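Taken in order, these protein sequences are the chains called U and C. For the first sequence, numbering that gives the first Met the number 0 assigns the number 0 to the initial residue and increments by one for each residue that follows. For the second sequence, numbering that gives the first Met the number 0 assigns the number 0 to the initial residue and increments by one for each residue that follows.
Just to be clear, a hint being listed does not mean it is correct.
[As the list claims (entries may be wrong)] To be clear about the criterion: a stretch of chain U counts as covered by chain C if any three or more of its residues have a C-beta under 8 Å from a C-beta of chain C, and this derived list gives those stretches: (1) 5-12; (2) 112-119; (3) 416-424; (4) 461-469; (5) 473-484; (6) 497-504.
Note that these hints are calculated values from the structure, not bench results. These numbers were taken from a predicted model, which means no experiment stands behind them. Heads up, the beta-carbon is just placed ideally off N, CA and C, and yes, glycines get one too.
The chain contents come next:
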Amino acid sequence: MHDPASINGHTLTPEEQTGLVVIGAGPAGLAAALEAARQGFQVVLVDENPVPAEVMADDIPLLFGGRMSGAARNRGAMLEAFIASDPAIAAAFDAGVDVRLGTIAWGVYGNGPSVGWLPGPVVGLSDGVRSWMIGCSRVIVATGRRDMGLAFAGWDLPGVLGMTAALRLACRYGALQTRCAVVLGTTAEALDGARQLQARGIQIAAVIETAAEPLHPADDLPLLTSRIVCRAEGGPDGVSTLVVASRGADGVPVAGSEQRIACDTVILAIGAVPVIELLDAAGCRIGFASERGGAVPLLAENQHTSIAAIAAVGDCAGIWPKKSCDPAIAQAEGRRAVSAEALPERPISALDSAAYRLDWVRATVLSAENVNVCRCEEVTAREILEVRPPRYLNWPDDRRNQLDLRALLGEGPPHPDQIKRLTRAGMGVCQGRRCREQVACLLALSAGCGLGDVPLGSYRAPVRPLPLSVAAGREDPALTAHWDTWFGMKSQYVPFWEAPKHATVATRDAGGAVASE
Amino acid sequence: MSARGNSVVIVGGGATGLSSGWWLAQAGVDVTVIDKGIVGWEASGRNGGGCSHHFSPLFAEEQRLWPMLDALLGYPTEFQPHRIRVAFDEAQFNLYATAMRNAARQGFASEILGGTDIRRLVPLAGADAFGGYLYKFGGHANPHRTVQAYGWALQDHGGLLMQHCAVQGFEQAGGRVTGVRTDRGLIGCDHLVLAAGPQTRYLAAQLGIDVPMVAARAEMIVTEPLPLMPLGGVDGNGLYGRQTLRGNLAYGGGPHEWVEVIGNTVPPRASTPLMQVIAGRLARLFPRAAHARVIRSWAGIIENTPDGRPVIDRIGNVTLATLSSIGFGLSPASGRAIAELVQHGACGFADLSSLRLERFAKLEQDWIELQGWQVAAGAGSV
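Can you build the whole structure from these sequences, using the hints too?
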C-alpha cells in the first residue's frame, strides 16, 4: 500500500515516446541524430530555432540586444532561412530523423535519489502553444553556447548584443540589423566572428581588448588594446557611439584618454559560455574547467554525463578555440555519443578563460557605478557585493552594508544563489543568462578566490520562460482529491485543543479532506 | 578546542534553529548555530512563506510576532498581513471554512467572500471563482530574506553562526550531552538543540532518542513579476503561495513523494513534470495571469512525523525540534518556545503538550508501512 496522497506508486505517462531525443540541431546534434538514424534508432531532434521575435526581444535564449531586422518577425521566412543555412538539417529529414524546429526542450527529467515516479528519462517540450512530455531511453544534449554579458553604462541600449546572437541573426536567420560594429574581446570566437561579419558586409569599427595584448593575432582587424569600456551612448534607436579609454597601470581609465567610436552595434565576445542549463537542472554533475569555457558537464570518453542516459556534445560540453573554428570537432563528439568513434579532439589551447573574464569584469564592471549588472531586477555591482535588499523595499538600515562578503555570507566561497536570494540578481525573466557569469566574477574578485571556487548558481526547469497556459499539463485524476490537503494528513491539521494524547496509526484520523494551513 | 561556558549549540541553520538561536542570543545566552551548508538552504528557503497556522498551539504567538518581526530583527522579512483563500466550488468553500472557525475560536476574524468580492479583491482571479475567505490574520513573508535576517540578527546579538560545518557525533557524560563533534572540531555545550529538519531523526538516534519521521519531496513554481494585487497572500484551488512584493507568483502544492534520507545527507531536490500540473492549477486560480511566464520550478525536502504534528520537547539537556513540514511561518514563535524550553525547561506562553515526543510511545513499529510512507521501488534508478 502507498500513501494515497503521495505520488509514490503512480507513474507519469508521457504524451509520446521515442528512442533517442537529441536537443539542439547544431553541428553536434545533427551529427548525433544522423548517426543514430543510420544505426536504425528512432530519433527525435528538437531545436528552438527559429526563435519568435517577441522572445528574442527579451534576450532569450541569446543576448540579441534588439538588433533583429524586420525579417525576424516573419516566422515562415525565418524557418526557411534556418533550414537553408545548414544542409545537414535537410539530410536529417531525409534520413528519417523526426526533426522538430521551433520546439523548445525546457526540462530533462529522470528518476534519481529523490524521484521515483517517472517511467525513465523524459523531456519537457513546447511549441509555444502547449507543452508535453516525451519519454525516451536516451537524451543527447547539444544546446550549444551563449555569450557572457558585460555591464557598462548603456549596455541596455538596443544594439549591444552577444557574438553568438549576432552570428545567429546574420548567418542563420539573415536578420541582423547592423552596419557598423565594435567587437569586445579577442577570443577565438570574437575574432572568427568579426571576420564572418566582415565577410557579410558589416563594417568592424574596432576590436577592443582590455589587456595589453590580444589573445590571438588580429593584425587584419582594427585592434585597440589596453582599453576600458566607459559607456555606450545612443538613443531610442540604440547605440550610436562607444566610448573607451586607455587603461592605466592602476587599472583605471587614464584621464583625457577617452576615445569615441561611432557604431550602431557593440558585440560582446569576451566569453563563449557552454549552455548547460538542461544538464545542471537534470542533476548531471558539473565541474569548472577554465580551458573549456567555464562550467561544463563532467563527461566520460563517450560523452556520457554522470547520468548514464544523458550525453552532452558540442559546445555545451566545452568550448575551446579550435573547436569554435572547426565544426568537425563538435560533429565527432556528436557521433561519438552514439557510436564508438575515435576520441574527438580535446582542448589543446592554454586559454585561461577564467583569468580573461575576471580581467574584463575587473576593468569594466567592478567600478561601473549605477549600472545594472542584473537588468531584469535592476541590481548594480555594488548592490551585489554589499548584498543589499532590492531597492523597492526601501530598507533604510545600511548597518551591514560596509561588511565584506565573508562577514555577510559566512565562511566558504560566496554562493551566487545566496546573492540571488538576497539581492535578486539573476532572479529575473532572462533567467540569469545576461548576468550570471558577471556575478560569479564579481564574487570571485571580491572574495579573493578563484572563479572556479565560486559555486555554480543553480539552473532550474523550465530553462525557457513558459506561460502558465502553455506550461499547464494533465493532472492525474486519482490525485485530484488530495490537492486541497497538503500531505493529505487530517491529523496534521487537527487543532491543538483536539489533538489526541497518543499518536498511533490505528487511532489516527486519516480520513477525508481538510484544508491545509 | 576548549568548551565554551554556559553554552547552547543548535544543529540546523534553518528557520527554526536560527530563530531559536536569535531568541537565545537576545537573552544573553552564549549560542552557536551550526549548519552543514548555508543558512536556509533546505526547506526553510524553499517554501511558500505562509504565516497562518490556526491549528497550532503557537498560532497566537505567530500572529503577535510577525507584524513586528522586521523591527525586532533589524532586517526586512517582506511580511505582509492577511490572506485570501479562493474556492472554486462549494466543497472547497466548505473545506476552507476550517481556518475561519479555528481562528475565530482564538479571537481572529475572517470575512466570507462571494465570487464578486473575489473578483474585486483579487484582480487576477476570473469569473469562475465560487467564493472564499479573507482571513484577517496570518500573511506571508519572504523565506530567503527572513532566514538570513535571523542569521544576521543572531550575530548582531553575539551569537555565533558556523556554516559549512557538519556534525560527526556527540560527546556524552553522565547522561548529558557535553559536546558536538564537527568536521571543524569539538564544540562544547551545556545544552543541545536539534533542529536539523529531515536529519533530526538520524542525529537524535545517535543519542538513543527515536524521533519518528519520514522525509518527502514537494515542489513549487514561480512566474515572472506581474502588477501587484492589493493583497499578495492569495491562494486556493489546492495551491499555497503568494504574490511576492516584486510581483512574482510563487506557488506550490500537489502530491509529495516520500524519499529516503541516508544519514546526515539530503537527497538532491529534484523538481519533476509536476510543474505542469501546478502551472495548470495556478492558471485556473488566476486566469488573468495565464500569460505570465514560469521562470523556475524547484523542490524541497521536508520531514513529517507520523501524525504530521511538530515535536518540540526537551529531554535532559537536549531539546528536539521538528516542525513536521510546516516550520517557516511558525518560526518566530517556535524559536521563542524552544529558547524558553532551553532556558527554563518549559514554555511560558503556549501549551506545547500536544507536541511532546511521548505521544508516540504506543506507535506501531511498522508505522511507515501501515501509513504507506515507504519509498517507491523505482526511486534510486535512473
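Verification of the hints:
{"no.": "1", "hint": "5-12", "verdict": "holds (count 7)"}
{"no.": "2", "hint": "112-119", "verdict": "holds (count 6)"}
{"no.": "3", "hint": "416-424", "verdict": "holds (count 4)"}
{"no.": "4", "hint": "461-469", "verdict": "holds (count 6)"}
{"no.": "5", "hint": "473-484", "verdict": "holds (count 7)"}
{"no.": "6", "hint": "497-504", "verdict": "holds (count 7)"}
In summary, the structure agrees with every hint in the numbered list given earlier.
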